[in-house]
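S.K.: Model the full structure from these sequences, guided by the hints.
Single-letter residue listing:
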Amino acid sequence: AQTVTQSQPEMSVQEAETVTLSCTYDTSESNYYLFWYKQPPSRQMILVIRQEAYKQQNATENRFSVNFQKAAKSFSLKISDSQLGDTAMYFCAFMKRETSGSRLTFGEGTQLTVNP
Amino acid sequence: EPEVTQTPSHQVTQMGQEVILRCVPISNHLYFYWYRQILGQKVEFLVSFYNNEISEKSEIFDDQFSVERPDGSNFTLKIRSTKLEDSAMYFCASTTDSYSGNTIYFGEGSWLTVV
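Residue numbers (this note's numbering), protein chains in the order written: chain R, 1 to 116; chain D, 1001 to 1115.
Hints were generated in silico from the structure; no laboratory data involved.
Check each hint, because a few of them may be wrong.
[Unchecked claim] The calculated lysine-lysine pairs, modelled on DSSO-like cross-linking and capped at a C-alpha distance of 30 Å, are:
| hint | chain 1 | residue 1 | chain 2 | residue 2 |
| --- | --- | --- | --- | --- |
| 1 | R | 78 | D | 1042 |
| 2 | R | 73 | D | 1042 |
| 3 | D | 1042 | R | 96 |
| 4 | D | 1057 | R | 70 |
M.R.: Below you can see the structure in the form of C-alpha cells.
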C-alpha cells in the first residue's frame, strides 16, 4: 500500500515571497503519478500540478513548480510570488499507474496562509 | 470549462435515515469516484466505478454504501442507515483515463451532517 506524508500541518508566507511545501511518499511501484491539489475555504479540490514519475524533468505551472526526487521519494511544491488567493489547504497525492480506476492516496495536508 | 456537479451541497439527516448524494460527472469521462473527507482530516478514497461496475473499493465502503449510475449522466452514492460518523464532505470525481494519470476532476462536494 502507498502512503503519503506531509510533515508541515501549517505554514505561512508573506505576499510576493516564495514558499516550499514538503511531501514524501512510500511505494514499491515504479510507475506512478504525483499531484498537488489545493483546497481553498470553499473546500473544492483543485488540481495545482501533476508529475509523471518516469519523467525526470520537474513539472512547472506558472508560479507553481515541483522538486521531484524519485530516489528519495520526495515531491515538494514551490510557490513563487505568493498571492493572497493561494491561501488554502494543499494536499499531496499519489496515483499508481494501473489499467483502470486508479485511486488517489492523499497526504494529511498543509494549511498555507499568505499574509498581506 | 466542464465541471463535475454535485447535489445537494449540504444535507442534514437523522441518524438511521438513508441518504442519496448525486453527481453529474464530466460528460466524456469514463471513470468515476467517491471520496470522503471528515472535518479536519485527509481526503479518503471510497470507491471507483467503471463500465457500470465497481472497480475498487476501500475498507470504508462497507455494505452500508452503494453506488449506481442510473442513467447516462448521474452517478449516485447511497448511504443506508446513516451513523454519526458518516458526517463528512463527500466528493465525487471523474476522469477520462486513469491509466495515463489524467487529471481527476473533483466536484465541489456534498457536506453531510448526521444528527
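S.K.: Each of the hints needs a verdict: does it hold here or not?
M.R.: Structure-based check of all given hints:
Annotation: proposed proximity of residue 78 (chain R) to residue 1042 (chain D) holds, straight-line Cα distance about 21 Å (limit 30 Å). Note on residue 73 (chain R) and residue 1042 (chain D): the hinted pairing holds, with a Cα-Cα distance of about 20 Å set against a maximum of 30 Å. Between the alpha carbons of residue 1042 (chain D) and residue 96 (chain R) the distance comes to roughly 19 Å, so the proposed pair stays at or under 30 Å and holds. Pair hint residue 1057 (chain D) plus residue 70 (chain R) holds up; C-alpha atoms about 28 Å apart against a cutoff of 30 Å.
Violation of the numbered hints given earlier is absent; every hint is satisfied by the structure.
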